[in-house]
Structure formats: C-alpha cells, structure tokens
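Based on the hints, put chains B, C, D, E and F in the right spot on chain A.
So you can see what is in the structure, the chains are spelled out below.
Protein chains: 6
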Amino acid sequence: MNAPVHAKLASQLPFYQPVADECTVFETAWRQQLPVLIKGPTGCGKTRFVAHMAAKLGLPLFTVSCHDDLSAADLVGRHLIAGGDTRWCDGPLTRAVREGGICYLDEVVEARKDTTVVLHPLTDDRRILPIERTGEELQAPPGFMLVVSYNPGYQHVLKTLKPSTRQRFVALSFDFPLPEVERAVVQHEGGVDERLAAQLVTLAGQIRRLTGYDLDEAVSTRLLVYCAKLIASGMAVRLACRTALVEPLSDEADTLAALMAVVDTQFGH
Amino acid sequence: MNAPVHAKLASQLPFYQPVADECTVFETAWRQQLPVLIKGPTGCGKTRFVAHMAAKLGLPLFTVSCHDDLSAADLVGRHLIAGGDTRWCDGPLTRAVREGGICYLDEVVEARKDTTVVLHPLTDDRRILPIERTGEELQAPPGFMLVVSYNPGYQHVLKTLKPSTRQRFVALSFDFPLPEVERAVVQHEGGVDERLAAQLVTLAGQIRRLTGYDLDEAVSTRLLVYCAKLIASGMAVRLACRTALVEPLSDEADTLAALMAVVDTQFGH
Amino acid sequence: MNAPVHAKLASQLPFYQPVADECTVFETAWRQQLPVLIKGPTGCGKTRFVAHMAAKLGLPLFTVSCHDDLSAADLVGRHLIAGGDTRWCDGPLTRAVREGGICYLDEVVEARKDTTVVLHPLTDDRRILPIERTGEELQAPPGFMLVVSYNPGYQHVLKTLKPSTRQRFVALSFDFPLPEVERAVVQHEGGVDERLAAQLVTLAGQIRRLTGYDLDEAVSTRLLVYCAKLIASGMAVRLACRTALVEPLSDEADTLAALMAVVDTQFGH
Amino acid sequence: MNAPVHAKLASQLPFYQPVADECTVFETAWRQQLPVLIKGPTGCGKTRFVAHMAAKLGLPLFTVSCHDDLSAADLVGRHLIAGGDTRWCDGPLTRAVREGGICYLDEVVEARKDTTVVLHPLTDDRRILPIERTGEELQAPPGFMLVVSYNPGYQHVLKTLKPSTRQRFVALSFDFPLPEVERAVVQHEGGVDERLAAQLVTLAGQIRRLTGYDLDEAVSTRLLVYCAKLIASGMAVRLACRTALVEPLSDEADTLAALMAVVDTQFGH
Amino acid sequence: MNAPVHAKLASQLPFYQPVADECTVFETAWRQQLPVLIKGPTGCGKTRFVAHMAAKLGLPLFTVSCHDDLSAADLVGRHLIAGGDTRWCDGPLTRAVREGGICYLDEVVEARKDTTVVLHPLTDDRRILPIERTGEELQAPPGFMLVVSYNPGYQHVLKTLKPSTRQRFVALSFDFPLPEVERAVVQHEGGVDERLAAQLVTLAGQIRRLTGYDLDEAVSTRLLVYCAKLIASGMAVRLACRTALVEPLSDEADTLAALMAVVDTQFGH
Amino acid sequence: MNAPVHAKLASQLPFYQPVADECTVFETAWRQQLPVLIKGPTGCGKTRFVAHMAAKLGLPLFTVSCHDDLSAADLVGRHLIAGGDTRWCDGPLTRAVREGGICYLDEVVEARKDTTVVLHPLTDDRRILPIERTGEELQAPPGFMLVVSYNPGYQHVLKTLKPSTRQRFVALSFDFPLPEVERAVVQHEGGVDERLAAQLVTLAGQIRRLTGYDLDEAVSTRLLVYCAKLIASGMAVRLACRTALVEPLSDEADTLAALMAVVDTQFGH
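Protein chains in written order, with the working numbering: chain A, -19 to 249; chain B, -19 to 249; chain C, -19 to 249; chain D, -19 to 249; chain E, -19 to 249; chain F, -19 to 249.
Only chain A is shown next, with the shape it has when bound in the complex:
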C-alpha cells in the first residue's frame, strides 16, 4: 500500500513534439513556483505534454482524471481500516506535495467545487496543504507544481472554473499541432509511412474546417493515430477512416455521410 499510484519517475522521456514555446513557459513557471492551467481540445496532447515535462524535469507525476464525484478526500487522503487498525493513506495531491513532484488534474472543471477549494492554499504565496483530518500542515517543497487542464471548446452549462480559482494560475493554450508536427506524430505513433501520414493530416484539416454539421468536437490527433494503426495492420483505408475518424465523431446520418464524402475526396473512391 501507499505504493506509487499514478507516479512515474522519468526513467525514459515520453515522445513529445513541441508546437511553440510551451516547454519554456512550463519550465519557467515551475522555477518560479507558479501553478499552470492548460487549455485545449480533446486528444491534442495535453496529458502527453505534462508527462514529457515531468520526465524532462526529473519529477514524479501524479495524474488525476477529475469527475463529478471526486471529493477532496480523494485528493488529500483518508483513513482506511485494515486488519482492525486505522491507517492514514495519502491521496495523490498529498503525495505530490510530500515528494516535490507534479500533481496534474485532468479536466479540472468536472470536479466538485470542494475539490478545487482544496487547491487554494497551495496556489498562493503560502504554498501549504493543510490536512485537517490528521492535523498536519505541509509546506510544499520547491519542486512541487500544480497543473490543471480543461477543454474550453466543449461547453459546460453548469461547470466552469470560478474566477477566484482561475486567477491563481498562469495559462497555456493548446490547439491541434501544425500539419508538419502532426504528421510526424502520426507517422511515429501509427507506424505508417510519411506520405500516408501526410494524407491523414490533410484529411483531418478538411474535417476540422467542416462547418454546419452537428460535431461536438473535431477529429483529434489520437484518432488519426488510431486510423494509421488500423491501416498499418492491413485494413482498407476507407474502412479504417470510417471506423476511426468518422463513426466516433457523430451519430447523425447526414453528418456521417458528409464526413465520408470528405474521406472519399481525399483517398479517391
């Protein structure tokens, strides 16, 4: 128990293709002990970027996928009963503070409000984590960094970050990578040649420019990699595109037909 949950030491550096100056900004914020907010669409590489930076800076990384039922105790820790005895068990936030690592809250707007309030004393100049249940008050070491992310393009009627939380972070805005960058990612991760990777990235650009259809979100780099993998394993290109790029985006017959038309334009028919 208390074994490494989400923590990964930087034994090897995860592949990450920088887009702009995001690595510099992240590292400067870390050196200045400022918390970072990352904004960007689904599947554009936010999680991969944080893993890359943690490895580069040699810091343990504790990742938490936020959701409606995530409570403050899930972050900070709780008493567990084991063998008739009660033992305190640190949560991922507490472990990141103790070990001086990065705590990364993915999709932070999904979390309950009481969860985000726990972050306040860690995000001003005090940099403390009070643990009310044990009476401890941890002073975060210089290495500790708090990173949160969310997707501004996906509208949440009731879920936003309160200004009083939001103004505690410096912010980085991510978008889909530039074509040459995305091509390199698809080629490297999907196991296809440069030409097919370029064709898939061109196709993605055409789909992302489609307007007037009921698309909650445009096709992600992750789906491009999925598509490349299917093709690399022998599936016909058109079927792979339908399976990995078209069907995951919509349930509307009109939208699906429009997306397949774009596919057929790109790859002939």
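Honestly, the hints are just simulated from the structure, not real lab data.
Quick reminder that beta carbons are idealized off the backbone N, C-alpha and C, glycines included.
Be aware that a few hints might be false.
Footprint (simulated), chain B over chain C, 3 or more residues, beta carbon under 8 Å [claimed, not checked]: (1) -2 to 5; (2) 100 to 114; (3) 141 to 154.
Below, computed lysine-lysine pairings styled on PhoX-like, alpha-carbon distance capped at 20 Å [said to hold, decoys possible]: (4) D:K142 to C:K19; (5) B:K142 to B:K19; (6) C:K142 to B:K19; (7) C:K19 to C:K142; (8) B:K142 to A:K19; (9) D:K142 to D:K19.
Then chains B, C, D, E and F, alone, in the frame of chain A:
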C-alpha cells in the same frame, strides 16, 4: 467468492450471423489494442456479437449492464467485510484486465460520469488501471480489450458520451440485419420454417417503415424471435403478432390499431 | 429468516374470471420461457390474474410493489449482520430464480433504473442472474418466469420503461372486464345479489364514459366490490356509492356533483 | 422499549361532536375490513374523530404524522443496536397489525412514495404485511384498520396520492362543522359561555367567506378554541381575536387589515 | 454530557424594552398552554424578547437556530456511542419538555419539513412528545411552551410554514420599535449619549423609508447599536455609519451612494 | 493531532500596503468585539490583509476556504475514531474561540446554509458557541473575532448571504489598490524594477476599463505579480503578459485578441 461472475470461456461459439465486415474490424482493433465503441438500436444483436467475438478469440468476457447508480467501485472493486476480516474483491473491469479478457459495458451512456472517467487511463497508450484503494497499478496485458455500446436512436436529454471519452474509441455502427440474415436468425432461434420466418421479417420491415406514429423504437430482431417461438408452440399467428410485435411497441390506441392493420395486411385476416 | 416472504404455493386457486385469451397467452409464454409485460388500469385485476396463473401452474409467486427507492439489492439480496455474523439474504427475485417460480414486479415503471437493468440478463436467451456481491451466477430453471406490470393510462412525465427494457417482454393489455364478467366478480366478491351487482356495473360504465371532468382514473372493479360490501352490510345505496365510488375519485366539487348526479340517475333519488 | 408509542387504549372517550353519518360509515368500513381515506381542511377535527372512533370501538390507535423523510422503515420497523446486540423494533404500522388496532397516517400525501407502496398488500383482499428484513409475513387480524387523511384544499404541486393508492380506500369528506356543532365545541373546549361561543362561530363564518385575499386556508375550529381560551383567561376580545384568529392566517398588511375590520364589525370597536 | 446546552436559568433578567402588549400576550399564552409564533424583521429583538420572557417567568430556555439540515433527531435526540457503549442523548426539544421550559425555534421556516411535523403532537391538546427511538412518550408539563419565529419580509420562494403547522399557534407580530424605545436601546447598549442615539434612530427611520433601491431588508436595531459602539470607541461618525449602517445593507454602488447621502444629510458633511 | 491546522502565530508581520483606513476599522471592530465582513474582488488582497491584521494584533489565525460541502461539523469539530477509541477533535472555529484568535471564513457565500447558522450565537451579544455533540457551551474570550469575506462582483444566482446573517457584521469594502500602492506591491513581490512595475499597473488599469467583452472578472494584483515574476526570470514581456494576464482571463478568441492588443499598445510590438 471471486468466482467467475459474468465471465464465460469460449467453450462453444454462440451463433452469430455476420452482417458486414464487423468481425474483421473487431479483430483488427483487438490486435492493435484499440478500444471499440458499438452503436446500434435495441435488440439488433450487439451483445450477441460481443459474445461471439469473445468466444472466437478465446477470451473471457465480462459484461456489465450500465445504469444510473453504477459507480466506479462497481467496476474496479471494493473491500468487503467477511467474518470480521476485510478482503479486497475485484470488480469485472479489474478482472478483465488481470485475466486479459474483454470488458463489455452495455449502454455505457447510462453510467455515471465518474464511471467513464475510470476508463481513460485504459484507453490511451498507457493502458493502465490504477486501483487507488489498494495502491496497485495494473498494466493491461495484450489480450485485454474494452468494448462499450449504446443506442444513438433513443434520445437522452442529459446523457451523452463526453467527446473526451468518445474520441478514445474506434467505432462500429450496427443496424437491423439485412432481410436474408434476419430471416436466418428468426428461423434458427425461433424454431419456425423458412417461409414463416421470411413473412415475419417482411412484416418487421413494414413496421420499421411506419412513420407518423409514436414509436420510441422499431421492432427488434429479438421480438421477431419471440413471435416465432409463440407461433411454433401453437399460438395463432395474429395473436402471437399482437403479443410479441404490437403490444410491446406502444400504449397508444391509434398506434396499436395501425400496427395491427399492418399485421392483418401481411397475414390476411 | 429466509422464510417465505411473498411466496404462496398454489394450495387453493384464487378466484379469477378470464376476459379473453390472457390465460393461454400467459401459459404459452411461460412454456416458451418468455417474460411477460401486463399493461392495464388500476384495480382491473392484474395482481389477481398473476396470483391465479401462479396457482394454476403450481408455481411459487414472489410479488414486489415497485417504488422510487427500490434498489437492485432489494430484489437480489444483501448481506445482513446478525449476532455479529454476516449472512447473505436472498431477495425476492433471487428466490424466484432459485425456486423456479414467478417474480412479479407490480408498477415496474416506478422503480429506479438500476433496478430494471438487473432484469436484463434474465430476459434474454442467457436467463442468468449474476449476484455480484457473492460471486454467484444463477441459471434460471425452466419454471422461472418474470412478470412486470404498469398502468399506461396514468401519465408519468419522467417515468417510462426504456425501449431496451420494454422490448425484452411479450405484452398483454388488460382493460376493465366486460359487463357480464364484472357483474360476476362484484356479485361473488361483494356479497350482493345479481340485480344489484348488475346495477353497480352499469353505473361504473356510465362513470367511465364521463368526459370533461378532472378524473385521473376511472372507477375500478375493486371500488365496485367495496361499494357492494358496504351495501351488503346494510348501508344505504346512495351513501355507499358516495363513499366507495365518488369520493375516492376526485376532490373537485364540480366533479363530485357530476358523479353523484350519475349515481342518482341510476338509483333514483 | 417497544412500549406503547402512539397507542392509547380507550379508557375514556375523547369528546367528539358528530356532523353527519361519519361515525356510521367509519364503523361499517371497519366491520367490512375496508381502509378509509379522510379528506378535509386543517384543524377541522380529523385527528379528534379518529381518536374518538378508536376509543368507541375499543381499539388501540397508532398515529403517524407523515412528512418528506418518513421512510418505509419508520412505519414497519428496523433493527436497532443496543448493548452490542441487534434487536428488531416494530414500527407503528406493524404494531397496529399485530395488536389489531387502527394505524392512522395523518397528511399521507406528504410521505415519500415508497412509504405508501408499503400499504398496498394491506389494502387489498390479502390484508398482509410482509416484513422483508425479518422474513415475516403478518396476516392482519379482523380488528386492524388503516386510516389515512389529507387536506385537498392545500395545493401540492408535486404531491398527490397516486390513483393506484387512492382507489384502495373508501373515502369520507370533512368540512368545518355546522354552526351549532362548532359552537358546542368552542364552548366546551374554550371555556366560554354560549353567547360568546356563538359570536366567535359567526365571526369564523364571515372570515371563511372572505374572498379576494391571500389566505392559504380559512380559520380553523382549533383557532376558535384558542381564541376562546385567551378571552376566558381575561384577555380583551379584540386582542384575543388579533392574536388567535388574524395574525396566524396571513403576513400581508392588506389581508390583516381586512380581517381586523371583520373582527371590529362583529364585536363593535 | 447532557450538560446545559442552550438553557439559561433566569438568574438575571436580560434588558428588554416592551413595545406594546407583547409581554401580556406571551404570558397569557403560556398560562393557557398555547404555542406562540413570533413574526418580525431581522434584528428587531425577537430573540431578546424570548430570553426576557423566559427569565421573567423563571423558565429554562432552549434556543435552536433552524437551517436546511436540521433534522428531527437534532431536536428530539439521538443515540451516541461513547466508550463502546450506546447512550441516549436528549435534544433541546426533549430537554425543554422534560424540564418544563421554553423551546424556541428561531427562523423555523428554514427547517426541513420533517422537523416541523415533530412539533404537531406538542401543539394540539395532547401536548405529547413521542420519542420513537426509545419508545418513550413524554407528556409536556404545564410549564412547557413552544415558541417559533420567522421573518415574513424576507421572501422564501420554497420555504413557508404549512397552514397545518401555522394554524397550531397564536401569533405575535413584531416591527422595529417606536423611536423613543429604539433610542433607549441604542443609548443603553451602544454606550452613547441621548442626543447621538436620537440622531442614529432618526437616520435609521430615513433609511427604512428609502424606496426604489435594492435593499433586501432595512437597517436593524442591532446595526444601530454596532454603529454607536464604533463611535463610542472613537471612530469618526461618518466612517462608523458607512461601516455599520451602509456597507452591511447592499453591494450596489448606486444604493451605497444613496445611503451615504442620507448619512451626510443627517450628520452634515 | 489537534496540532495547529491553519493557525499561524504572529512571529513575523506579512507585508501589507494599506489602502485607506481599513486597519483602523478592523482594529476598532476587534476591540468592540464586533464581527467583520470584507467585500471585494478576487486577488485584491483580502486574505493577505487578514493575515497582516492577525499578526499585528498578535492573534492566532484560523482560515477556512468555504465551499458547497463545508458542513457545520467541519467548523465546530467532530468525534474521530482512533485506535478503537473515540476522541473529540475541535474544528477551526472552535479552536479560534478557545484560543481567542481570529476565525476567517473566505468566500463565505459558498458555504451551506447550516454552516452560517452556526455563526449566529457568536455574532450577537451572547458571543457563545454551543457544541451540541459534547454538551459544551463556549463563551468567546475578548480576543476572539469572526471575519468573513466574499466577492460581490461575481454573481451567484442561488448563493447570497441571508439578511439575517449579513446584518450581524460591520462591513469593509475592498477594491483594487490605487496605482501607486499596486505598483509598490508588484515591485516588492514580483522582483522587478519600479518602471516595469508601473507599466504593468498601467496595463492592468487599461484591462480593467475594457468593456463589452466576456470577462467574468478583471485582472487581479496577484496575476500582475505572477507576470512580473515571469519577466524577472527572463521571459519575454509579451509572452509573460499573454501567459499571466491574458490567457487566465478568458477562453474567447475575440476577447483574447482584444486583450493582446492592449498589451501591444502598452509595450510596443
């Protein structure tokens, strides 16, 4: 305890009549370690298809019917108290990961949000399942596959799959089978002769084309099989159709009358 | 404990006056191992019919009145602590499966969604009941039958049976019995002579045809029997009608006056 | 423990002034083993009437004031832990069934739905109370009677009795008593002379006929008795009327002034 | 434990300046064993009045501030586990009944519905408190009195006292005291001279007559006392008025400016 | 356990630059034993001010960040089970009362209603804290002070302070500091020279005057300090402004472009 809950080893291959290339797509996705999303109407054979593929690939299958109150602990596991002692009890998702089988979440949009978030680290390139309560982090073996399904035709105002979840899957779209396929299913499962099975499938097609009536969903292949069984056991055709094909579809007098008119056109009166 | 809760063996056959071919349909569905959905208004005899059929087929009957707070555990069972020890206690659904009897869920639309999902593996060709808490998976014996009922005339804004649940059943539609049948019931159960029973049934027909008044539901056969009992014990006819047929139907002065006018037309004044 | 909670044996007969044939109807329903629903405004004597009838019939009376958080266990009973031991403790409904008395649910529409469903098997011809937690099934003795009441004049947007519950009862409608009856009650309970009691009843009639003002409910007989008591103990009539008849009815200045004008007209100024 | 919680014996009489005949009405209601409802704006002295009357009548006083999460058990009592043993612990209502004192529920409309239903058997002629968990039924002694209060001027969309609860009380309406009374209170409690107290009361009157501004509630006597205390300790009059009379009333710039203009008119500038 | 949670003794005085007479008002309120309400926008220095005053007055400070799930027990304390034994554990409010310090509730409008009701007996002339679970009633010593804060500019549809709570406090209104004050803060905390600090403050003023854009809240002094820190550690001014002043304020492309235009006007391009 910890006995096989939903798991069935592939001792015999469940009957499944392929419609298109769904078996190839499923198997390719499994080999490429990609999760699969199956979309399709009620009773069109999604569950049967997954059972068939699990048997064909020789994988244990863990099926979970999702609902409002399904929590992450129901999937991952929980500590149970037995005889004054606390023991950890794996949930179906954890068991599928440990045993390298298929975990199938039926009607995944019905589940609570915190349930779907648990799936995220299993559906990107990490393929891990962190079990926070025990401090374990399971690395999914190559055989493990996650499959989810839902019915896009039945509208849920508040229940949709978040794009950040949805874009983690390759997707297959199911529909009612082609007439010759459906006829074979009705004949095989319902125990009637080819001619009656063909008549029932024709009738189903006519009902499915009915518009302007308050029908939440069209008649399913399952109901056709029910109807065939009632006729095979000696019930009059018209009564069997009313009982198995008409009354289950609606409570509105007008709709019921219109449906019976279709029945009477098909089978004389 | 674990004593028969709702289960009644068919020592004597409860009185039931068939209306159409509902007994045949029910018995055929039972022989074909198909689940049955019964639709019909309040007090028309659905519960009595199921009790009659259970007795006729020699099956134990487990009745559950569904409501908002009925959980899956209420159906399947739970661990109870008794004398410092934990014992598993089967719920009525599990008992019906183990003993090969009928489990009857009355007003099933009132139940929570997670309750109805528990029924799914019992209503397709698998006919299994997984009990996650104990790790058991019960295979339903041939005698087991699932019966559910609800009242389509009473509108529930938020409560309907999901198509994916509904299409798992063959369905029977009940209505108030034909006059001669209802007269026999009122005479037999209410203890009045044939003429008075006939007059009460005529009155009920007139009330059921009243339109333009705020009546949630028409007068039931059960209320006719109540009225007959009050008269049989010496109460004046008009007072008995007001007490058993009029006041239970509405709180609106206009509606009550209209109903009493119908009474006075039938029985003079 | 398990001592008489709400139960009162009929050692003395509580004062009750009959209005019409309500005593006869109640007694007939009891002899015929039919449940009774009492409708009527606040403070018109419903609770007193039931107490009177219980005493007259020599039955123990178990009264439950219903509310939002009343659960089925509050009626049926629960296991309590005492001295390290678990003991079953009957609720008031179970005690009424065991002892063959009256269980009276006051303001039944306020109760949660799962509470009213518990009443169903007791209100049809089975007259049983299944206690799922202990595995018992009680057969109600002939003396047992279920009585429920509510106030149809006070509008509940979300709270009504379901038709399937409502049609299980014969019903009695109460209103404020006739002037001569109400005068006798005020004189007897309030300790004033006949003339003053008559004046108060006349005043109540005038207030009850006030229309066009924001009055949720008219003045009750109970408030008339309060007013009489204040006068009997020496308070000035006008101040007593303001305190007991006017201020309890409204918070609106216009309404209060209109009510005081009625008081001043009756008692001079 | 079970030490006096809110109970204060009347060792000294708290200062209270009567406004009208409220002391007489309260005492008469207490002698007649009638419960009292006090209506009035925030900070007008309701709590002080009840404390004064309890001391004058020599009764212990149990005060409960009501809120959304106040449950019936908070009033009646609960079993607590201490040292491995379970002990019953009376709540403030039960203690008031046992000791024959006053139980005062402040802002009773804020309480949950099940809380107010607990009061019903104590507020009719039975005057009993059934304690279901222990099986006790307490008969309230003559000294016991129930007092509830609320603020009719502050609108609650969903929170009102049900007529069936409200009509169980005689009612007293409070308002801000007359100028000469309020002046005496401000002088006595705030520690300022008569002239300044009179000026503050005049200012309060002007603020209370302000219309057309977004003021939830007018300035209370309590805030006047606060202002007097700040001035008495040396703060400039204008700053004291801004701090104690203006800023607590609103957050709107226009309203604050209008209030300060009234201050400057009264005290020059 | 029971170790200092949020309490900090005034070993060193935190830097605070007074804006007006807020220090005098605070100290006078503390000497007069009056509770204080602080209103003001996010990041304007409310928390820092309270820390400064606590240190100046030599009082321990207990800070609580309020949120939706903060219960009264979180403030007052609870019984914890440790080593099989139950021990009472004071909450921060109780500790502040016992030790005669300041209890500061940050963003008090976010707390549940039952939390604020707990404060009532501490905020009138009684100055008591009843602890119902232990039967204690604490009399607050002269040093104890209650301070609450909230942000009136950020609109809460459902969350406001009830007038009955609000009128228990004297109130201080904070705004962003005057330019010369803010410049000193940015220079001191951000580690930049006077000229750059002045430029950043001028820029903040321009951003705060922007109207017609979707800005929930204007840029705070805290973000200015963040920006200064990034520049001081070598980041280009424009990138630092984008990271610390622009991206944290909005997700709208139009708004972000308008903000960057203001940045470019200030710092050339």
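At least three residues with a C-beta closer than 8 Å to a C-beta of chain B: is that true for the region -2 to 5 of chain C? That given contact holds, which follows from 3 residues of the region -2 to 5 of chain C lying within Cβ reach (below 8 Å) of chain B.
Coverage of the region 141 to 154 of chain C by chain B (three or more Cβ within 8 Å): With 11 residues in contact (Cβ-Cβ under 8 Å with chain B), the coverage given for the region 141 to 154 of chain C holds.
Hinted pair K142 (chain D) and K19 (chain C), Cα distance within 20 Å: holds, 17 Å
Holds or violated: K19 (chain C) to K142 (chain C), with C-alpha atoms at most 20 Å apart: Between K19 (chain C) and K142 (chain C) the Cα gap is close to 15 Å, so the pair holds against 20 Å.
Pair hint K142 (chain C) and K19 (chain B), alpha-carbon separation not exceeding 20 Å: holds, 17 Å
Restraint status (C-alpha distance of K142 (chain B) to K19 (chain B) at most 20 Å): holds, 15 Å
Coverage of the region 100 to 114 of chain C by chain B (three or more Cβ within 8 Å): holds (count 8)
Holds or violated: are the alpha carbons of K142 (chain D) and K19 (chain D) at most 20 Å from each other? holds, 15 Å
Take the C-alpha atoms of K142 (chain B) and K19 (chain A), compute the straight-line distance between them, and say whether it is at most 20 Å. Roughly 17 Å separates the two Cα atoms, so the pair holds.
Figure legend: structure checked against the earlier numbered hints; every hint is met.
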